[in-house]
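There are 2 protein chains.
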Amino acid sequence: MTDQSPNGSEFDIIKRYFMPLAAGDKAALGLLDDAAVLDVPQGYKLVVTTDALVAGVHFLENLSPADIAYKVVGVNLSDLAAMGASPRAVFLAAQFPKNTPETWIAAFAQGLGAALSGSGATLLGGDTVTTPGPMAFTLTALGFAPLRKVLTRSGAKVGDDVYVTGTIGDGALGLLCLTGKLPADAFLAKRYARPEARFVFAQALAEHMFASACVDISDGLAADVGHICEASNVAATLEAQRVPLSDSARDLVKADKTLLKTVLTGGDDYELAFTAAPKNASSIEALAVEKGLRVTRIGTILEGAPKTRVLDEIGRPMDLGHGGYVHL
Amino acid sequence: MTDQSPNGSEFDIIKRYFMPLAAGDKAALGLLDDAAVLDVPQGYKLVVTTDALVAGVHFLENLSPADIAYKVVGVNLSDLAAMGASPRAVFLAAQFPKNTPETWIAAFAQGLGAALSGSGATLLGGDTVTTPGPMAFTLTALGFAPLRKVLTRSGAKVGDDVYVTGTIGDGALGLLCLTGKLPADAFLAKRYARPEARFVFAQALAEHMFASACVDISDGLAADVGHICEASNVAATLEAQRVPLSDSARDLVKADKTLLKTVLTGGDDYELAFTAAPKNASSIEALAVEKGLRVTRIGTILEGAPKTRVLDEIGRPMDLGHGGYVHL
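Line by line, the protein sequences give chains G and X. Note that our numbering numbers the first sequence so that position 167 is 167, with each residue one more than the last. Note that our numbering numbers the second sequence so that position 162 is 162, with each residue one more than the last.
Please note: incorrect hints may appear among the correct ones.
Stated by the list, open to error - 16 Å max Cα-Cα, derived EDC-like pairs, lysine to aspartate or glutamate:
hint: 1; chain 1: X; residue 1: K149; chain 2: G; residue 2: D39
hint: 2; chain 1: G; residue 1: K307; chain 2: G; residue 2: D319
hint: 3; chain 1: G; residue 1: K15; chain 2: G; residue 2: E102
hint: 4; chain 1: X; residue 1: K15; chain 2: G; residue 2: E230
hint: 5; chain 1: X; residue 1: K26; chain 2: X; residue 2: D39
hint: 6; chain 1: X; residue 1: K157; chain 2: X; residue 2: E230
hint: 7; chain 1: G; residue 1: K149; chain 2: X; residue 2: D39
hint: 8; chain 1: G; residue 1: K15; chain 2: X; residue 2: E230
hint: 9; chain 1: X; residue 1: K257; chain 2: X; residue 2: D247
hint: 10; chain 1: X; residue 1: K307; chain 2: X; residue 2: D319
hint: 11; chain 1: G; residue 1: K279; chain 2: G; residue 2: D161
hint: 12; chain 1: X; residue 1: K307; chain 2: X; residue 2: E239
Said to hold, decoys possible - Pulled from the structure, derived: some chain G residues nowhere near chain X, Cβ distances all over 10 Å:
hint: 13; residue: E290
hint: 14; residue: E303
hint: 15; residue: I314
Because the hints were derived from the structure by calculation, they are not lab data. Owing to the predicted nature of the structure, the values given are computational and were not obtained by experimental measurement. Where is the CB? At the ideal position from N, CA and C, for every residue including glycine.
Sequences are here, hints too, so could you generate the full structure?
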């Protein structure tokens with residue numbers, strides 16, 4: 001009933017594939033101790049998030065090991081970004097089915113290293129176990145955010161503008177491409193498989209205190225803006241035609257208008273949605289230019305019960321089903 | 001492909017059962033934000049550990065929800081104890097099979113609260129997802145340890161004594177009782193299902209700097225003392241007859257001498273094994289009395305290649321199979 005690893009002992013797997021990722025980081029204690037030991041710099045808060053991803057539930061089982069590693073990392077670093085935190089460390093609990101080929105684990109570990117590189121975060125520990133069920137990964141990510149500058153969901157004010165980074169809907173459309181429900185599209189597939197967390201822009205946004213509230217778009221644009229509304233006790237109105245689309249997404253929506261709903265509610269974007277006072281508009285625009293990231297104003301915060309309305313091109317509220325409120 | 005929770009939305013489950021556990025702890029942001037935000041006190045290191053427990057692999061599936069919660073918590077707080085850290089926060093990623101009864105989740109959450117109470121740690125965040133596989137829990141535990149006083153596995157010195165806390169083998173024997181391979185025994189079953197992490201004693205041990213190395217006994221006494229040997233590049237000799245047994249364990253071993261091997265290699269003890277200079281012997285004895293915890297000297301650290309030898313009652317090395325080196 002104790003740990004049994006897919007091939008060889010847990011110790012061997014960790015030593016061979018995961019320890020190199022911690023190389024040079026004293027905090028990991030070589031991944032050989034019971035726990036990692038970190039310093040937290042003075043003047044900073046510690047920000048912690050955990051996400052579990054199960055094969056077939058949270059990611060397509062036929063993605064490459066490297067794609068899965070990018071997704072596991074991206075989803076978690078995106079949560080840190082939403083709080084304006086700089087990534088520092090990740091801890092991975094990997095559940096591998098017995099007979100997972102060692103080559104698969106090697107490719108996954110390599111992908112993990114690549115996905116973390118440049119983020120500031122190192123793999124500092126974890127657990128590798130076998131499961132009779134599907135492959136699953138739980139990543140816990142730790143970051144630091146300057147005191148009194150942490151972004152939260154709860155600060156949105158009536159009259160604030162609502163912004164998003166990047167383009168919306170690519171992840172959900174990419175999933176439809178990868179499952180054969182839409183024609184293959186390499187750009188959209190990559191946007192689904194390898195989300196890029198916006199922590200560099202988010203850190204600057206937090207540092208300058210331009211934003212009043214922030215969330216990462218994982219459940220879908222309408223639902224996640226809804227999370228800001230609930231936490232801030234305000235309402236939001238978004239204009240569908242202002243929501244920024246990639247060229248691939250625009251072509252698909254042009255050909256099939258029903259896909260606009262997928263874009264607005266589909267999830268897996270890992271872009272940021274944030275609110276800011278109108279007086280910060282030009283500063284935010286300048287920051288976006290400086291960081292080389294598209295940032296678009298898509299709506300407004302209003303008084304009222306927590307609710308997100310999305311208006312179509314002639315100003316009528318769209319029916320998004322449950323997209324604005326519960327998980328799909 | 002986004003989160004679907006066993007009953008109702010993830011949000012409902014979290015709100016109803018897990019949020020109350022974070023009540024009053026501002027760091028949790030009500031479990032409603034993307035991440036938790038913590039202060040780390042000056043003069044302390046942050047200690048982090050992650051353990052994944054899969055039903056049928058790491059715990060018996062027919063344990064009560066509360067027992068499973070105690071086990072998930074105990075295993076992780078035991079890792080913090082091994083480093084001399086005070087528990088501060090836990091993050092839980094729960095994978096529930098679809099159709100997990102809400103009453104089960106409620107009982108599990110209640111057990112989680114009970115297992116955490118008195119530890120100093122609060123549930124500050126997590127993720128609740130469905131899985132087509134077995135139930136599984138990944139807990140990440142955060143603690144604080146005073147600077148320069150963190151216990152590690154790597155400080156054992158030639159000539160040091162080897163100690164253990166509590167009694168050894170109860171967990172492994174308890175598992176045999178629970179699976180019908182040994183007669184039912186409520187004491188041993190509880191020792192298996194509800195490990196008590198020794199963080200109070202470990203904190204004092206770290207604070208006074210009495211120990212040179214420390215590990216928690218999860219893989220089995222011989223294997224875990226072996227981990228100290230590997231990290232410290234020393235050898236250890238333990239005397240089987242000095243290993244402290246509970247009354248229940250002693251009776252079983254008396255009736256069947258082969259069970260001594262189970263005791264020495266079986267794992268799931270969640271007691272501490274630590275090394276200390278002989279000059280600290282009386283201080284350690286006094287500390288054990290003060291904290292009301294049994295502490296027993298069971299062996300010595302020697303020069304040589306990393307290896308743990310266990311001697312029988314007439315001083316012959318025992319054959320423990322792979323028990324001293326790899327997971328069972």
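Fill in: Ascending list of hint numbers which this structure does not respect
Per hint list: zero violations.
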